[in-house]
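Peer 1: Sequence:
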Amino acid sequence: MTSRPSHYIQAALSVLFFIAVFCFYTFAYSGHMAMQEQFQLWLCTSDYLQEHLYAGGLIVYMGEWVAQFFYSPVIGATILAAILLGIQANTWQISRSKNHVLYPLSFIPSICTLAVMTDGNVLTSLPVGMLLWTSAIALICSIRGKGFKYACAIVIFILLGYISTPSQYSYYRQAEMPASVMLIPILSALFTDIALRFLPSSKKSPAITNAILTIVVAIAGWASIASGMETDEEHFLRYDQMARHERWDDIINKARNEGVHDTYSAVYVNIALAIKGQLADNLSLAVAPHGVNSLLPEYRGEWHKALPVAEAFYYLGMVNTAQRYTFNAHEAIPNMNKSARCFKRLAETNIINGHYEVARKYLQLLSHTLFYRTWAEKALECIEHRNIDVHPMWHYLRTVQTDDDYLFSSKRGVQLASLIKANKDNYIASQYIVAYSSLVPTTDRPTSNKE
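Letter by letter, the sequence shown follows residues 463 to 913 of this note's numbering.
Bear in mind the hints are in silico, worked out from the structure with no lab data behind them. Note that the coordinates shown come from a computational prediction; the quantities given were computed from them, not determined experimentally. Among the clues, some could well be false.
With a straight-line cut-off of 25 Å between C-alpha atoms, the simulated DSS-like cross-links for lysine-lysine are [what the hints assert, rightly or not]: (1) Lys873 with Lys886; (2) Lys767 with Lys800; (3) Lys873 with Lys883.
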């Protein structure tokens with residue numbers, strides 16, 4: 463039976479682990495967590511459930527159900543911390559170890575799972591699958607009576623095998639999944655169980671041994687997690703996360719405090735500055751270091767980098783061009799998922815263009831989600847009354863938008879000049895022209911109306 467001091471130590475370690483994971487995803491890796499949510503569309507419908515009734519499909523369904531909560535960083539971090547703590551608790555229970563000094567070792571499978579998840583292409587179905595399997599094994603180990611235990615084990619393993627059979631895109635967004643994605647968590651769980659069962663108990667200074675193991679596991683765990691972190695990508699994804707929620711002041715503050723490390727992040731910073739009317743006075747923040755391409759970028763990067771390009775065109779009033787880039791980003795999702803974020807923007811562009819029936823199709827799907835339902839219902843009501851004036855940005859963009867198509871044009875100065883020519887009240891475009899003119903030679907600048 464666990465002694466009272468050991469019980470307190472174990473509880474304290476579990477609480478500390480939960481807090482550490484929560485802080486990691488809230489403050490250090492929230493951008494990657496948000497990326498999981500925005501490139502999927504979990505629908506609360508029977509049809510969507512039926513679409514996943516195939517071998518390996520239900521684990522995708524479960525993973526997407528969890529990932530939808532990543533819309534809120536706090537809720538998402540809490541859920542992930544609870545899942546990883548559940549894996550740890552199951553690991554300890556499965557081993558049935560009476561050597562409580564070795565309790566820190568039970569965190570190894572959870573830490574290894576977290577380390578693998580630093581790869582942005584690893585889907586939430588992986589930790590969910592680990593939790594299901596460790597829970598099932600822990601349940602089987604708790605059953606008394608060999609005959610009944612074996613019968614339950616057969617039924618449970620067949621059921622879990624059907625639910626979580628690895629298939630293409632079930633655990634990884636890309637077509638080719640590295641073997642380490644599955645092997646590292648599984649092998650770490652096996653080796654941890656062996657260690658907990660057979661390592662000798664320390665009779666001398668158990669408290670010191672426990673402390674040493676805790677420190678070693680914590681340092682080794684953080685080293686493995688840090689080595690896999692995509693820090694540059696996270697920097698961009700944090701800007702992307704704030705932009706989709708229109709947190710323009712936060713974007714500007716982040717740029718001033720942490721700098722802007724890449725062109726696509728600079729795109730978001732320039733949008734935020736322009737919306738706040740501060741771009742012309744802050745050219746040194748993002749425009750000067752990253753050049754003209756940070757104003758009206760040319761998309762030549764990864765599939766999800768089309769979104770900042772679309773956002774720049776959207777807020778400038780080139781709604782059709784923004785719609786094309788958004789649609790292309792959606793169609794280029796490697797695992798062929800639907801995207802809640804892209805559907806929301808496509809609904810908005812069609813509303814602005816007056817294509818209400820097309821927008822309605824996107825909105826009806828979004829109305830079956832948890833976090834987009836309220837927004838979709840309000841947008842549907844707006845369509846019913848044919849009144850977009852209630853939405854200031856939609857009304858503004860319909861006023862300043864141009865019908866010209868510049869998707870394949872490289873003449874950025876001409877694009878900006880045409881926007882002002884179409885509507886002199888386009889205050890965002892006017893700031894972009896000032897920024898653009900400060901970077902290009904005089905002969906390449908957009909001509910004024912007088913000229």
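Peer 1: With reference to the structure, classify each hint as holding or not holding.
Peer 2: Now the hints, each set against the structure:
no. : hint               : verdict
1   : Lys873 with Lys886 : holds (20 Å)
2   : Lys767 with Lys800 : holds (17 Å)
3   : Lys873 with Lys883 : holds (16 Å)
Checked against the numbered hints listed earlier, the structure breaks none of them; every hint is satisfied.
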